[in-house]
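Chemist: Single-letter residue listing:
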Amino acid sequence: MGNGGSSGNTSKKDRRVSYEFLKGFWKENPILVMILGMCPTLAVTTTAINGMTMGLAVLFVLTCSSLIVSLVRNIVPKQVRIPTFIVIIATFVTMVDLFLKAFFMDLSKALGPFIPLIVVNCIILGRAEAFASRNPVFISVIDAIGVSLGFTVTLIFLGGIREILGMRTFFGHQVLSSGFEPWVIMLLPPGAFITLGFMLGAKNMIDRRMGKNR
Amino acid sequence: MEVILIFISAVLVNNFVLSYFLGICPFIGVSDRTSSAVSMGFAATFVMTLTAAITWLINRYILIAFNLPFLEYVSFIIVIASLVQFVEMFIRKTSKALYDALGIYLPLITTNCAILGLALFGALREYSFIENVVFGIGAGLGFTLALVIMSGIREELDLADVPEPLRGAAITLILAGLLALAFMGFAGLISA
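If you read the sequences in order, they're chains R and E.
If you read the first sequence in the numbering used here, its first letter stands for residue 1, the second for the next number, and so on.
If you read the second sequence in the numbering used here, its first letter stands for residue 1, the second for the next number, and so on.
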């Protein structure tokens, strides 16, 4: 696991680790590229802090699930792997749910049913199926953390836009003057859909520009 | 009359896709053709109705009876995954035509958050058995409605000149936003 071997081997492994970690932020961003985990993305991003909480909850569940799935990947028969993964995920989600209910009741209420719905979050099942069930533990955990953080950053971004335009605040602190009439639509479903649509369009445009300038 | 209100609420006023943000992944993924939208919608409605019935029974006779509320998520998702598995096997054995129409969409339904969401909401609102089943049917039909409307729009979109960066999922989301805006007009239909 990176101890020993020539310096050439070590830097290859480092490059691979950093790639697996960073891909979740842009190249394989779960929301903007893989179009996964849409439901919580739209539902909980009414404020930046709600988005961040969801992101961190997913970080915990995805990392723990990927760890366990990778550990048992050679033991679980192929036919029952999906139900097995789901039960593993459901267990960690139950933990997160109880944790939030115990220590952060307001956030638990704000996120509502979307915490338990992490169980069927396509990001987690997708990473388990596509990566953790086929790769060793260390790199699976790196993949999980990278994708989760990419998810979290995107949620904070979307939540931030909606919160600033819809309530004049960011993480609860007012950032726009009281003269600005808030766009309440941003806090409602239409605002969520439209903002995310434009964010996707913006990412595509940026990718295009970056591709042209290469 | 409670059941009628529950039904109308689930289909129009509190549409699962456009108000509750459930089932968005299939909504984006399967709404490009009306034929696939209808297939997915009906498959989901079928599974949702059965899920509503079975999870109600599990909730009443196991979770509440033996005081095991923390097993709610694990037990519900096992029910849903198993149900989808059995439904797929059953349809494959009995009706080849139906299987060809619905077949590929059935496994996808397991991760459709609308199904689990339906089960959780029903349990939360403490519906009776009949109310839960009607809620399931309504939720499924509402999901189908949103999917079919979106597919109709997207089929027309093939002829329109969508800006490059917005093609695909982006324009679908923006359209969904406009659709959600339209559905907000149903808000006054049921005075609580």
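Don't read these hints as lab results, they were simulated from the structure.
Quantities reported herein were computed from a predicted structural model and do not represent experimental measurements.
Any given hint might turn out to be false.
[Stated by the list, open to error] If we take Cβ atoms under 10 Å as the criterion, some of the chain E residues that face chain R in the derived model are:
1) I28
2) I78
3) A114
4) L157
5) A160
6) R167
7) A176
8) F186
9) G188
10) I190
We put the beta carbon where it would ideally sit given N, CA and C, even for glycine.
Chemist: Does each hint hold? Answer for all of them.
Modeler: Okay, the hints, checked on the actual structure:
The restraint placing E/I28 at the interface with chain R holds, with a minimum CB-CB distance near 6 Å, inside the 10 Å limit. Evaluation of the E/I78 hint against chain R yields a held restraint, the C-beta minimum of about 7 Å falling below 10 Å. Given hint, E/A114 at the interface with chain R, holds; its Cβ is 9 Å from that chain's nearest Cβ, closer than 10 Å. This hint is violated: E/L157 has a C-beta 13 Å from the nearest C-beta of chain R, more than the 10 Å allowed.
At about 15 Å, the closest approach between the beta carbon of E/A160 and any beta carbon in chain R exceeds 10 Å, and the interface hint on this residue is violated. At a threshold of 10 Å, the smallest CB-CB gap from E/R167 to chain R is about 8 Å, leaving the interface hint in force. The beta carbon of E/A176 comes within 4 Å of a beta carbon in chain R, closer than 10 Å, and the hint placing it at the interface holds. Interface hint status for E/F186: violated, as the beta-carbon distance to the closest one in chain R is roughly 13 Å, over 10 Å.
For E/G188, the shortest C-beta to C-beta distance to chain R is roughly 15 Å, which exceeds 10 Å, and the interface hint is violated. Nearest Cβ of chain R to the Cβ of E/I190: about 17 Å, over the 10 Å cut. The hint is violated.
Hint compliance for this structure: hints 4, 5, 8, 9 and 10 are not met, and every other hint is.
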